[in-house]
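**Student:** Given chain Y, put chain F in place with the hints provided.
Chains as they are written, first to last, in the working numbering: chain Y, 1 to 282; chain F, 1 to 282.
Bear in mind the hints are in silico, worked out from the structure with no lab data behind them.
Keep in mind it's a predicted model, so treat the numbers as computed, not measured.
Please note that a few of the clues may not be correct.
Using 25 Å as the maximum straight-line C-alpha spacing, the simulated BS3-like pairs for lysine-lysine come out as follows [what the hints assert, rightly or not]:
| # | chain 1 | residue 1 | chain 2 | residue 2 |
| --- | --- | --- | --- | --- |
| 1 | Y | 224 | Y | 206 |
| 2 | F | 201 | Y | 276 |
| 3 | F | 203 | Y | 276 |
| 4 | Y | 276 | F | 224 |
| 5 | F | 224 | Y | 279 |
| 6 | F | 206 | Y | 276 |
| 7 | Y | 278 | F | 201 |
| 8 | F | 278 | Y | 206 |
| 9 | F | 279 | Y | 278 |
| 10 | F | 203 | Y | 201 |
| 11 | F | 203 | Y | 279 |
| 12 | Y | 278 | F | 203 |
| 13 | Y | 203 | F | 206 |
| 14 | Y | 21 | Y | 155 |
| 15 | Y | 203 | Y | 224 |
| 16 | Y | 155 | Y | 89 |
| 17 | Y | 224 | F | 203 |
Listed below are the residues making up each chain.
There are 2 protein chains.
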Amino acid sequence: MCTVGVIGLGLIGGSMALDLKRRGFAACTLGVEQDPVAAEAAKTIGLVDEVVSYEDCIARADIIVVAVPVGTAVKMVPDILNHFEQGDKIVIDVCSTKSQICHATQYHPHRGQFVSTHPMAGTEYSGPWAAQPGLFDGRACIFANTEDSHPKAVKTIEELYAVLNMRPIYMNADQHDVHTAYVSHISHVTSFALALTVLDKEKDEKHIFDLASGGFSSTVRLAKSNADMWVPILSQNHDNVLHVMDTYIDKMLQFRDAIATYDETRIRELIAEANKIKKILR
Amino acid sequence: MCTVGVIGLGLIGGSMALDLKRRGFAACTLGVEQDPVAAEAAKTIGLVDEVVSYEDCIARADIIVVAVPVGTAVKMVPDILNHFEQGDKIVIDVCSTKSQICHATQYHPHRGQFVSTHPMAGTEYSGPWAAQPGLFDGRACIFANTEDSHPKAVKTIEELYAVLNMRPIYMNADQHDVHTAYVSHISHVTSFALALTVLDKEKDEKHIFDLASGGFSSTVRLAKSNADMWVPILSQNHDNVLHVMDTYIDKMLQFRDAIATYDETRIRELIAEANKIKKILR
Numbered sequence: 001m002c003t004v005g006v007i008g009l010g011l012i013g014g015s016m017a018l019d020l021k022r023r024g025f026a027a028c029t030l031g032v033e034q035d036p037v038a039a040e041a042a043k044t045i046g047l048v049d050e051v052v053s054y055e056d057c058i059a060r061a062d063i064i065v066v067a068v069p070v071g072t073a074v075k076m077v078p079d080i081l082n083h084f085e086q087g088d089k090i091v092i093d094v095c096s097t098k099s100q101i102c103h104a105t106q107y108h109p110h111r112g113q114f115v116s117t118h119p120m121a122g123t124e125y126s127g128p129w130a131a132q133p134g135l136f137d138g139r140a141c142i143f144a145n146t147e148d149s150h151p152k153a154v155k156t157i158e159e160l161y162a163v164l165n166m167r168p169i170y171m172n173a174d175q176h177d178v179h180t181a182y183v184s185h186i187s188h189v190t191s192f193a194l195a196l197t198v199l200d201k202e203k204d205e206k207h208i209f210d211l212a213s214g215g216f217s218s219t220v221r222l223a224k225s226n227a228d229m230w231v232p233i234l235s236q237n238h239d240n241v242l243h244v245m246d247t248y249i250d251k252m253l254q255f256r257d258a259i260a261t262y263d264e265t266r267i268r269e270l271i272a273e274a275n276k277i278k279k280i281l282r
Numbered sequence: 001m002c003t004v005g006v007i008g009l010g011l012i013g014g015s016m017a018l019d020l021k022r023r024g025f026a027a028c029t030l031g032v033e034q035d036p037v038a039a040e041a042a043k044t045i046g047l048v049d050e051v052v053s054y055e056d057c058i059a060r061a062d063i064i065v066v067a068v069p070v071g072t073a074v075k076m077v078p079d080i081l082n083h084f085e086q087g088d089k090i091v092i093d094v095c096s097t098k099s100q101i102c103h104a105t106q107y108h109p110h111r112g113q114f115v116s117t118h119p120m121a122g123t124e125y126s127g128p129w130a131a132q133p134g135l136f137d138g139r140a141c142i143f144a145n146t147e148d149s150h151p152k153a154v155k156t157i158e159e160l161y162a163v164l165n166m167r168p169i170y171m172n173a174d175q176h177d178v179h180t181a182y183v184s185h186i187s188h189v190t191s192f193a194l195a196l197t198v199l200d201k202e203k204d205e206k207h208i209f210d211l212a213s214g215g216f217s218s219t220v221r222l223a224k225s226n227a228d229m230w231v232p233i234l235s236q237n238h239d240n241v242l243h244v245m246d247t248y249i250d251k252m253l254q255f256r257d258a259i260a261t262y263d264e265t266r267i268r269e270l271i272a273e274a275n276k277i278k279k280i281l282r
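Chain Y with its partners taken away, still in its complex shape (with noise of 0.2 Å):
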């Protein structure tokens, strides 16, 4: 049993404060919050134990969780290590992209006591209000560049995420942006933009809402999601993004013709190639 304190009461912050708690990891927990309205709603939800400030945390906590959109926790996860001495402490981050949060910390002479990664879970809500028990259960936790890290640290995390009943994955810094561009990040694109076209094409908002059970609502979903957030991850991992982007494109353009020239047998082939997700997926 142990202190957690929590930087970022969010979505993730505070799904992972709650049951940190509910479940005996940590006897106490602690939040940070830099808007005073997510801070006082976090309070009355009961997020954590104390709502206090970023010194006191790092000086109170044993493990500190850096929960803040990605931009920022590049550069407060390398304050927090500047404020370790050689010790137990441990700093995480749970940040979309792990690239640059990585190299950030290579050469600190404290990067021992710092694990990234990054819990696959979520919904397209965000702030202490999105915060929910059981958010994390049997999803998949990536661990990045655990060889930076002290093992008794990580062996700490892997424990803290076993609580939180995520199946740790192990993967390279970039390789994790490489695979989280394709499989995630894209679609939150793919998403937006929908949400733009649908917007731009439909003024009529009462048939927006009478037709989107025709699986709108669902392929639509993540364009709910938080500037804030996503802004930073797709601007730092750029190089990724622009490279799934420009095969999506390509993949669309291939459709636009296909129907274009109402080439029957081309439509039928790409929907059977896509249909292929149904192997992988259930």
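**Tutor:** Showing chain F alone in chain Y's frame:
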């Protein structure tokens, strides 16, 4: 209480037959299914009281539901009307495009006995195995060009959909095809393209499975949809689908430019605009 005949015992036809019988609208349900394996399955599952021939179904049923892919339906509905004498029998279609089928029947002497509808419900699965009770509950059902049907026939079909708990929406067939291209058809194309992209870029199926929790699985869900259904929809709704695809490709290129030039202000603007979909869909 009447006899309802369903031609095509797939997801939509099978689910309708189930609920119309269970909820007491139909005293007897007849089914027609060309595919012998699907016909056998429909019998085993008990989707209808009897599986009969096309001719028997037309002769015995008071209401005939044509639930086959739209390319076939466009020829089948006029053929069924040819079998009708002036009388009380009604045929309805449940197709996802409405213009062609309404044009194909427009001047038929028995046009009044045809009611063209589009129940906006479904899943990404198909076949009699996919049929389920309650599929239509709470969803919208579009009635197209009801001014061309006998008012009494429209009233009977309104009662049928009321039993399925659907909200009726009245629309011109051409307008229907514009709106469904915007809201439904484009979602399918973007999902197909997403599946093609990920299958192309990510050769390691294990990674797709592990990382799919990041929203990918909901965005790509529609890519499991059946080619037999979607080839004729995309082909029949050609002009509207191409128009909305062009807007979509343009939005993707705007995103691409913003990311390529590290223009975080512009990325933020695009995401904030896309977020407006939240106000329309919960």
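**Student:** Please go over all the hints and tell whether each is borne out by the structure.
**Tutor:** Now the hints, each set against the structure:
Taken as a hint, the residue 224/Y and residue 206/Y pair is honoured in the structure, with Cα atoms around 18 Å apart against an allowance of 25 Å. As the CA atoms of residue 201/F and residue 276/Y are separated by approximately 14 Å, the hinted pair is consistent with the 25 Å bound. For the given pair, residue 203/F sits about 12 Å from residue 276/Y by alpha-carbon distance, which is consistent with the 25 Å threshold. Straight-line distance between C-alpha atoms of residue 276/Y and residue 224/F comes to about 8 Å, which keeps the hinted pair within the 25 Å bound.
In summary, the hint linking residue 224/F to residue 279/Y is supported, as the alpha carbons are separated by about 10 Å, within the 25 Å threshold. Annotation: proposed proximity of residue 206/F to residue 276/Y holds, straight-line Cα distance about 14 Å (limit 25 Å). With a C-alpha separation of about 17 Å, the suggested pairing of residue 278/Y with residue 201/F holds against the 25 Å cut-off. With a CA separation close to 13 Å, the supplied pair residue 278/F and residue 206/Y stays within the 25 Å bound.
Using a Cα cut-off of 25 Å, the hinted pair residue 279/F and residue 278/Y is violated, with the two alpha carbons roughly 32 Å apart. A hinted pair counts as satisfied when its Cα atoms are at most 25 Å apart, and residue 203/F with residue 201/Y does not qualify at roughly 35 Å. Between residue 203/F and residue 279/Y the alpha-carbon distance is near 13 Å, which keeps this suggested pair within the 25 Å criterion. Distance check on the hinted pair: residue 278/Y and residue 203/F sit about 15 Å apart at the alpha-carbon level, within 25 Å; holds.
Between the alpha carbons of residue 203/Y and residue 206/F the distance comes to roughly 41 Å, so the proposed pair goes past 25 Å and is violated. Between the alpha carbons of residue 21/Y and residue 155/Y the distance comes to roughly 19 Å, so the proposed pair stays at or under 25 Å and holds. Between residue 203/Y and residue 224/Y, the direct Cα distance comes to roughly 18 Å. Compliance with the 25 Å bound is thereby established for this hinted pair. Simply put, residue 155/Y and residue 89/Y have alpha-carbon atoms about 13 Å apart, close enough for the 25 Å limit, and the pair holds.
A threshold of 25 Å between alpha carbons decides the hint, and for residue 224/Y with residue 203/F the separation of about 29 Å lies outside it, so the pair is violated.
Consistency note: the structure conflicts with the earlier hints numbered 9, 10, 13, 17.
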